[in-house]
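Visitor: Below are the chains, spelled out letter by letter.
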Amino acid sequence: MKVSAIITLKKDVLDPQGKVIHQALNGMGFDDVNEVRQGKYFEIDVKENDPKKAKEIVENMCSKLLANLVIENYKIIETQ
Amino acid sequence: MKSSVITFPGSNCDRDMDVALKKFGFKNKMIWHADVELPKSDLVVLPGGFSYGDYLRCGSMASKSKIMESVIDFAKSGGMVMGICNGFQILVETGLVPGVLLRNKYLEFICKNVFVKINDKQNKYFKNVDNEILEFHIAHNEGNYFCTEDQLKEIEDNNQIAVNYCDQNGKIDEQFNPNGSIKNIAGVFNKEKNVLGMMPHPERMIDSSLSGEDGSLFFKNLINNLK
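Heads up: the protein sequence lines correspond to chains D and P, in order.
So in the working numbering, spot 8 of the first sequence is number 8, and the numbers just go up one at a time.
So in the working numbering, spot 191 of the second sequence is number 191, and the numbers just go up one at a time.
Just chain D, same shape as in the assembly:
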């Protein structure tokens, strides 16, 4: 079963890359941007076929390795 997770920076953590992307978008003529925050996306194929259990396994992975909880949040966005 495939589980997808996104990792995002917490609100009060500075995201210099997001800022530069924001500036580049402005430079290209995209004027209606309020803010850009850059994150990470993971697609993990686990052996477990029960969606609830699979989600728990990936959540555990997120908290132990994929995200650093001092600065990042994680969210499971889909299981299929």
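One should not assume that every hint holds.
Unchecked claim - Reference listing, derived: stretches of chain P covered by chain D, where coverage requires no fewer than 3 residues with Cβ under 8 Å from a Cβ of chain D:
1) 54-67
2) 103-109
3) 159-171
Unchecked claim - Per label pair, the in silico range of CB-to-CB distance:
4) D45/D to E192/P: 21 to 31 Å
5) S4/D to Q122/P: 43 to 53 Å
6) D31/D to R15/P: 27 to 37 Å
7) E59/D to K23/P: 47 to 57 Å
8) L107/P to K64/D: 20 to 30 Å
9) I77/D to K23/P: 16 to 26 Å
10) Q122/P to L14/D: 26 to 36 Å
11) M28/D to Y106/P: 51 to 61 Å
12) D173/P to Q23/D: 46 to 56 Å
13) I223/P to E56/D: 26 to 36 Å
14) V19/P to K52/D: 53 to 63 Å
No wet-lab data here; the hints were simulated from the structure.
All C-beta atoms in this analysis are idealised placements derived from N, C-alpha and C, irrespective of residue type, glycine included.
Knowing the structure of chain D, use the given hints to seat chain P on it.
Guide: Structure of chain P alone, referenced to chain D:
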């Protein structure tokens, strides 16, 4: 005094550290990351470099390697563990020292000499160092120290800030902050101060004909403090 330097795939300051430790009297051993047992050591060093290609987050993969279980046990039992540059990034990922190291504020890889001011001398790393200000070298892309407000309060209350970026006269100000670190923090201790994480490289300042001698002061003092 016995020391161990851990080499991870992608470490590149491990041999410099080996040279520095031996120059000042340590009997040093190089330990491979896949080893399980740590030899008897008075000091364990996690060197600089780009362990695991900085994949995921700098230091994150190395923090989960086999030998780190022994290093963490050693640190928790009071053993001296020092992480320099990527070693500092590995230490924050293990949770042995608080905070994280983010990408540099201006998105540039920084490679230059900096001055740091010693904030706390009640520890075996900096006790009896004559100078208050040391000139070290930095070379990093992710050295922007960050921690939560609660963590900052805690490390300030416990005097866990080891060194701050400053000018040559010891003035700590935003204009002498190379990477955007909170409060110009260049290095921190754990609560017990046996674990030190530091972005600047003392091992690059051990020869007057190459760069400078402030690293020599650091290592000479360190081995004396451990005796």
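Visitor: Look at each hint and say if it fits the structure.
Guide: Hint check results:
1. For a cut-off of 8 Å, the count of residues in the region 54-67 of chain P with a CB near a CB of chain D stands at 4, and the three-residue condition holds.
2. Counting residues of the region 103-109 of chain P whose beta carbon lies closer than 8 Å to any beta carbon of chain D gives 5, which meets the minimum of three for the stated coverage.
3. For the region 159-171 of chain P, the assignment as covered by chain D is violated, since 0 residues bring a beta-carbon within under 8 Å of that chain's beta-carbons and 3 are needed.
4. Between D45/D and E192/P the Cβ separation comes to about 42 Å, which falls outside the hinted range of 21 to 31 Å.
5. Taking 43 to 53 Å as the suggested C-beta distance range, the pair S4/D and Q122/P conforms, at roughly 48 Å.
6. Our hint of 27 to 37 Å for D31/D and R15/P is violated, since their Cβ atoms are close to 52 Å apart.
7. Hint check: E59/D to K23/P, Cβ distance near 48 Å, so the stated range 47 to 57 Å holds.
8. Remark: the range hint 20 to 30 Å for L107/P to K64/D is upheld by a beta-carbon distance near 29 Å.
9. Between I77/D and K23/P the Cβ separation comes to about 53 Å, which falls outside the hinted range of 16 to 26 Å.
10. Q122/P and L14/D have their C-beta atoms about 32 Å apart, which keeps the hinted 26 to 36 Å range intact.
11. Checking the proposed 51 to 61 Å range against M28/D and Y106/P shows it is violated: the Cβ atoms sit about 22 Å from each other.
12. Distance hint check for D173/P and Q23/D: the Cβ-Cβ separation is about 27 Å, which falls outside the suggested range of 46 to 56 Å.
13. Checked against the hint of 26 to 36 Å, the C-beta distance between I223/P and E56/D comes to roughly 49 Å, which is inconsistent with it.
14. For V19/P and K52/D, the hinted distance range of 53 to 63 Å is satisfied, since their beta carbons lie about 54 Å from each other.
Of the hints listed earlier, those the structure fails to meet are numbers 3, 4, 6, 9, 11, 12, 13, in rising order.
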